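K.L.:
Protein chains in written order, with the numbering used here: chain S, 1 to 334; chain G, 1 to 334.
By construction, these hints were calculated from the structure, which means they are not laboratory data. Keep in mind the model is a prediction, meaning the values are calculated, not measured. Where a beta carbon is used, it is the ideal one built from N, C-alpha and C, also for glycine. There is no bait here: all hints are sound.
One-sided excerpt, in silico: chain S residues whose CB lies under 7 Å from chain G: (1) M1; (2) K3; (3) Q7; (4) E52; (5) Q88; (6) N100; (7) G108; (8) P187; (9) I190; (10) N313; (11) T315; (12) Q319.
2 protein chains.
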Amino acid sequence: MKKVGTQTVMFDHPPTIVDTASIVGPKESQGPLAKYFDQCLEDEFWGEKTWEKAESKIIKETVNMVMSKSVITGEAIDFCFAGDLLNQCISSSFGLRETNIPFFGVFGACSTFVEGMCLASCLIDGGAATNILCATSSHFCSAEKQFRFPLELGNQRPPTSQWTVTGAGAAMLASSGTGPYITCMTPGKIVDMGIKDSNNMGAAMAPAALQTLITHFKDTGRKPSYYDAIITGDLGHIGKEILIEMAETKGYNIKNNYNDCGVLIFDKESQDTHSGGSGCACVGTTFSGYFFRQLKERKLNKILLMATGALTNATSSQQGESIPGIAHAIAIEN
Amino acid sequence: MKKVGTQTVMFDHPPTIVDTASIVGPKESQGPLAKYFDQCLEDEFWGEKTWEKAESKIIKETVNMVMSKSVITGEAIDFCFAGDLLNQCISSSFGLRETNIPFFGVFGACSTFVEGMCLASCLIDGGAATNILCATSSHFCSAEKQFRFPLELGNQRPPTSQWTVTGAGAAMLASSGTGPYITCMTPGKIVDMGIKDSNNMGAAMAPAALQTLITHFKDTGRKPSYYDAIITGDLGHIGKEILIEMAETKGYNIKNNYNDCGVLIFDKESQDTHSGGSGCACVGTTFSGYFFRQLKERKLNKILLMATGALTNATSSQQGESIPGIAHAIAIEN
Numbered sequence: 001m002k003k004v005g006t007q008t009v010m011f012d013h014p015p016t017i018v019d020t021a022s023i024v025g026p027k028e029s030q031g032p033l034a035k036y037f038d039q040c041l042e043d044e045f046w047g048e049k050t051w052e053k054a055e056s057k058i059i060k061e062t063v064n065m066v067m068s069k070s071v072i073t074g075e076a077i078d079f080c081f082a083g084d085l086l087n088q089c090i091s092s093s094f095g096l097r098e099t100n101i102p103f104f105g106v107f108g109a110c111s112t113f114v115e116g117m118c119l120a121s122c123l124i125d126g127g128a129a130t131n132i133l134c135a136t137s138s139h140f141c142s143a144e145k146q147f148r149f150p151l152e153l154g155n156q157r158p159p160t161s162q163w164t165v166t167g168a169g170a171a172m173l174a175s176s177g178t179g180p181y182i183t184c185m186t187p188g189k190i191v192d193m194g195i196k197d198s199n200n201m202g203a204a205m206a207p208a209a210l211q212t213l214i215t216h217f218k219d220t221g222r223k224p225s226y227y228d229a230i231i232t233g234d235l236g237h238i239g240k241e242i243l244i245e246m247a248e249t250k251g252y253n254i255k256n257n258y259n260d261c262g263v264l265i266f267d268k269e270s271q272d273t274h275s276g277g278s279g280c281a282c283v284g285t286t287f288s289g290y291f292f293r294q295l296k297e298r299k300l301n302k303i304l305l306m307a308t309g310a311l312t313n314a315t316s317s318q319q320g321e322s323i324p325g326i327a328h329a330i331a332i333e334n
Numbered sequence: 001m002k003k004v005g006t007q008t009v010m011f012d013h014p015p016t017i018v019d020t021a022s023i024v025g026p027k028e029s030q031g032p033l034a035k036y037f038d039q040c041l042e043d044e045f046w047g048e049k050t051w052e053k054a055e056s057k058i059i060k061e062t063v064n065m066v067m068s069k070s071v072i073t074g075e076a077i078d079f080c081f082a083g084d085l086l087n088q089c090i091s092s093s094f095g096l097r098e099t100n101i102p103f104f105g106v107f108g109a110c111s112t113f114v115e116g117m118c119l120a121s122c123l124i125d126g127g128a129a130t131n132i133l134c135a136t137s138s139h140f141c142s143a144e145k146q147f148r149f150p151l152e153l154g155n156q157r158p159p160t161s162q163w164t165v166t167g168a169g170a171a172m173l174a175s176s177g178t179g180p181y182i183t184c185m186t187p188g189k190i191v192d193m194g195i196k197d198s199n200n201m202g203a204a205m206a207p208a209a210l211q212t213l214i215t216h217f218k219d220t221g222r223k224p225s226y227y228d229a230i231i232t233g234d235l236g237h238i239g240k241e242i243l244i245e246m247a248e249t250k251g252y253n254i255k256n257n258y259n260d261c262g263v264l265i266f267d268k269e270s271q272d273t274h275s276g277g278s279g280c281a282c283v284g285t286t287f288s289g290y291f292f293r294q295l296k297e298r299k300l301n302k303i304l305l306m307a308t309g310a311l312t313n314a315t316s317s318q319q320g321e322s323i324p325g326i327a328h329a330i331a332i333e334n
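If we strip away everything but chain S, and leave its shape as in the complex, we get (with noise of 0.2 Å):
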């Protein structure tokens, strides 16, 4: 691998994506992307006691179906990259700490399935590994109670507000195999443009996804025509017409082929979940689910997944503190 620019590694040998799996919530199975996802979960408990183990199973089942999906298990998977927004990544090492394989914890809020897929790749390139797993999750009911109000309150969510996924997204990446490839990687730098509305997160990721997209052309001399689609993890419906906008000022035409997973997975008129999906299961499972379904059918060819995150928590909220914002891009070729 090489670096290229000043933010972009190229990929030598590209890893494939053998294989996705994704397990979502009720909410995501009433959604215009419901059959795409491995299983749809009928409520938000799935037989466990509370919300945070309940993640924990979503998690660690949708890894046992990319295991069984991809037909590569135990050891010979050599690492595992993971990472969630409950304190300290518990849904990951929980739902995780049975499969007995190396462990790398990730954190990029919900950036962190696109930065374990670059983590990931490098090691592959470079040899280190022939096989890593790479899996996110979030749950809506345990988002809730830890960044802003306990569900039980009933309180009233601004327009602006995006409705966390519930749910997992997993995949399974090796040395060889016949693609999609992720063919090179831009990670992101932190941003923050000083946005202080913790209900307004599209809007506070939305300038890190743009120094990652600007950069990711620069570096590579690609023109957003490159691509068949370039998506984003979950800015929303706010934060995907603000990068429009942005990347237009800049000089680059997004229009086009761009799109957002926190658009696509709820419909905007009936499902009530004003500016859309977030979560790290959002890009999770709608790549899992929708996109790596498109890129195997060859329907698109190139794609520049790109997942933005907001690197805050509730206390730093309390405290009077704008959101850092971060976008990790990955190229994903046929």
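Take the given structure of chain S and dock chain G to it, following the hints.
P.N.:
Below, chain G alone, put in the same frame as chain S:
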């Protein structure tokens, strides 16, 4: 780089640790390693209004210090790996948001510092980067507040408890230099032996340390005597004794050259920290302050640095969960 055995990666072009930096709080400044740290603070706030903001300032200034000491700054730094114990790792993301360096957030609880160095070594060895910054922090007051009790309660601490180190450590890794070199890594698996006492982290983490240690010896064919020093992160007095005993039952005698940063950083008799130090900054400051200097002065030439982490949070403990542990090891040699 090449994977050997089940968990170890040997580096073909071992990265150099160019320099390190460490800043510690007032209690660490009264401990036996005080003279080795770059800066000793007189109070826990360092002019900030909250402990969280103070922790962010500590990691920020430690990172500025390692850039200044190593004379590697700005765009010459390809990537940064950082993480900490605060929910959603806000010490790192707020402390480092102005660095303008592509950022990978990592979370391995108190194993974060070595996890970052593992991944940074892979990126450098593979050709993705020339210089990478690794950093971590912890703060006694913010950690107690978040994981246990508000300090204002004046709760009595049980004899098995450990004292979270206030401070930050940072290391600058580069593709070329005069050493010491990171020659191989053995990333850990999540190990959960069912310990539920969140005031006995040493016991919870020791089995993970054992798994990594024994696997490292098997993978590399090395014996404990290969190393001038084997160092764990924060098993403390109790965990250290457990690890020595368990290693012996597996046929490895580490009594003569093994120690723990949590044991070294505080004086057992006079400082009243019970089972010793803990926290991301325990190994972060002890390595950056003390061990790195021992390596540079060739008082030590081969060390195995194994940081240990407890992958738990306040909610999981309240929900009756046990405490999974993890331990990541790197060999550092002149």
